Every structure is written in C-alpha cells, then in structure tokens.
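Under our numbering, the final residue of the first sequence carries the number 330; numbering is consecutive throughout.
If you're looking for bench data, these hints aren't it; they were derived computationally from the structure.
Model, not experiment: these values are computed from the prediction.
For every residue, glycine included, the Cβ atom is placed at its ideal position computed from N, Cα and C.
Hints are not guaranteed to be accurate.
[Unchecked claim] Simulated restraints, written as ranges between beta carbons of each label pair:
1) Thr245 <-> Leu90: 55 to 61 angstroms
2) Leu187 <-> Asp86: 49 to 55 angstroms
3) Asp86 <-> Ala254: 52 to 58 angstroms
4) Arg186 <-> Pro304: 36 to 42 angstroms
5) Ala206 <-> Arg314: 28 to 34 angstroms
6) Phe149 <-> Gly299: 27 to 33 angstroms
7) Asn91 <-> Lys111: 36 to 42 angstroms
8) Asp101 <-> Arg314: 42 to 48 angstroms
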Amino acid sequence: MPELPEVETVKNGLAPVMEGYVFDRVQLNRADLRFPFGDDFISRVQGQKLERLSRRAKFMMAELSSGDRLFMHLGMSGKFTIDPAAFEKHDHVIFEMSSGNRVVYNDTRRFGFMELIKPGEPSRLDHLGPEPLSNELSAPVLRAALKGKKNKIKAALLDQRIIAGLGNIYVCEALYRAKLSPTRASGKLTVADTELLVRHIKDVISDAIKAGGSSLKDFANTDGELGYFQHSFDVYGRENEPCNICETSIHRIVQTGRSTFYCKACQR
DNA sequence: AGAGCTACCTGAAGGC
DNA sequence: TGCCTTCAGGTAGCTC
63 MPELPEVETV KNGLAPVMEG YVFDRVQLNR ADLRFPFGDD FISRVQGQKL ERLSRRAKFM
123 MAELSSGDRL FMHLGMSGKF TIDPAAFEKH DHVIFEMSSG NRVVYNDTRR FGFMELIKPG
183 EPSRLDHLGP EPLSNELSAP VLRAALKGKK NKIKAALLDQ RIIAGLGNIY VCEALYRAKL
243 SPTRASGKLT VADTELLVRH IKDVISDAIK AGGSSLKDFA NTDGELGYFQ HSFDVYGREN
303 EPCNICETSI HRIVQTGRST FYCKACQR
C-alpha cells in the first residue's frame with residue numbers, strides 16, 4: 063500500500079540499522095516474490111556492506127560494497143519490521159545485520175520485489191520521471207510532459223514516467239487541493255492549472271512525509287513495524303462523506319481500473 | 001506509439 | 001456458519 067511518503071519513512075527507519083553495516087546473514091523463505099530472487103541472490107548480498115540506503119520514487123536502493131545495487135519495492139502489501147518478537151506468516155526475507163538487528167520483510171500479496179543490479183546494467187528506474195519534491199519537477203516540466211496526451215489527468219499522474227512516486231491516494235488528494243477534476247484531459251491543462259497542480263503535489267507529499275515521521279516517532283512503532291501510519295485524507299476513501307470545504311458528498315468513480323475520489327463541486 | 005486492460009496474490013469485508 | 005463477490009495504496013506486459 064505504500065506510496066512515496068511511506069517508502070521515504072521506511073527508508074528513514076531502516077537506515078540506522080542497515081547503513082554502514084554488513085549483511086551477516088540473508089535468509090529467503092521462498093524462491094520468489096513478484097520475480098524470482100535469482101540463484102546468486104544470497105551469495106551477492108551476504109558479506110557485503112550496505113554503503114548507502116536511498117529512495118527513488120517508490121523504490122528503495124541499497125548500494126553494496128561490491129558495486130551491486132539492491133532495489134527493493136514494497137508493492138501493495140510489503141512492510142519491514144526491525145527485530146520482530148515472533149515469526150509471522152508471509153515473512154519472506156530476513157536480513158541479519160552486523161548492527162545486531164534482524165530486518166524482516168513481510169509481504170502478503172507478494173507484489174513487491176527485490177532485485178540486484180550490476181553497475182551499468184539497465185534497471186526499472188531508468189525511465190522514471192522527476193521526483194515530486196525535487197527541483198526537476200516544475201510547472202513547465204509537467205506541462206511539457208503532458209503536452210499532446212490524450213488521457214485523463216488522473217491516469218497521467220499515476221504514470222511513473224510523468225512524475226515518479228505518486229500513487230492512487232496522493233493523486234486524488236493533490237487534484238482535490240488543486241481543485242482540478244480528475245476527468246480533465248491531461249493535455250489541455252492551462253499554465254495556471256499546471257502551476258497549481260505542481261504546488262499541491264509537492265505540498266501533499268511533503269505533508270505526508272512529515273506526518274509519517276511524527277506519528278511513527280523515530281520511524282518505528284512499538285512493534286518495530288515500518289510503513290504504516292495514519293493519515294487524514296480529504297477525499298481518498300471518503301465516498302458519500304461531506305467535502306471538507308463545501309459539504310457536497312464525495313464522489314467515487316473508476317478510472318483505468320482504479321477508484322478515484324473527488325468533489326464534483328470544488329473540482330473543475 | 002499511446003492508452004487501457006488484465007495478470008500477479010492474499011485477505012478482509014459485505015451480501016445472502 | 002459458509003459461500004460468493006468485490007475491493008485493496010503496486011507495476012509489467014499484453015492488446016488494440
């Protein structure tokens with residue numbers, strides 16, 4: 063279920079027990095998540111030092127001392143726990159770090175994956191669009207990326223090549239804040255629309271990261287579980303509840319197979 | 001080429 | 001109680 067803010071929070075929670083430490087032992091409880099781990103996964107990770115842990119879009123990236131990069135994606139249901147008290151169903155990967163901590167990856171639906179990439183090798187990150195919080199995302203950049211597109215703005219914002227890291231929740235929330243209907247043609251946004259949208263995308267993402275950090279308190283709850291925290295959403299999951307601005311009932315429609323929540327009165 | 005559909009997988013919730 | 005359907009915050013790969 064994680065989008066960019068959740069992945070950022072997980073990365074910040076894992077860094078203190080992983081960054082600068084060696085993978086003393088790697089345990090795989092099955093041969094694959096979404097993709098097979100590969101026969102050499104354990105031998106390429108075990109004994110390596112994790113030099114740096116970072117995030118790009120919804121991916122976490124661990125740079126190993128060998129030069130390999132370990133990409134980790136949480137899919138829909140992936141979560142990490144540090145030093146869990148007991149073994150849980152769907153605990154698929156266990157990293158024993160030289161920090162003395164056990165880092166456990168649990169993923170019910172197994173849409174997540176881990177993948178090792180050699181230096182210079184192509185990866186799934188190669189075609190990602192700009193990070194929402196970076197200066198690379200600006201109104202002119204978004205406008206250029208949307209130029210000539212025939213789809214709806216909701217679908218365009220979920221396209222990781224346009225902006226990297228937005229998911230269903232934060233696209234709904236950003237469109238609400240920008241007062242733009244999710245059914246608008248993406249290629250026809252005005253300059254003013256695009257400026258508003260970019261500003262609210264950045265705001266909603268940075269608000270969520272702040273909320274994650276503060277509500278998780280040192281980025282881990284009492285069970286050491288990372289990746290879930292409570293948000294208050296204006297529209298997401300609020301079908302038939304009143305709009306916080308005008309009290310009109312929040313509407314739910316399905317676009318490209320996913321739920322979209324919006325206020326028909328406020329969003330035009 | 002681009003847009004949209006389906007697949008992948010498990011579990012929770014709701015209707016009957 | 002159980003059975004069935006629908007839904008879930010992800011991306012990849014197929015079809016048209």
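- [ ] Against the earlier hints, flag every one the structure doesn't satisfy and list their numbers going up.
- [x] 1, 2, 7
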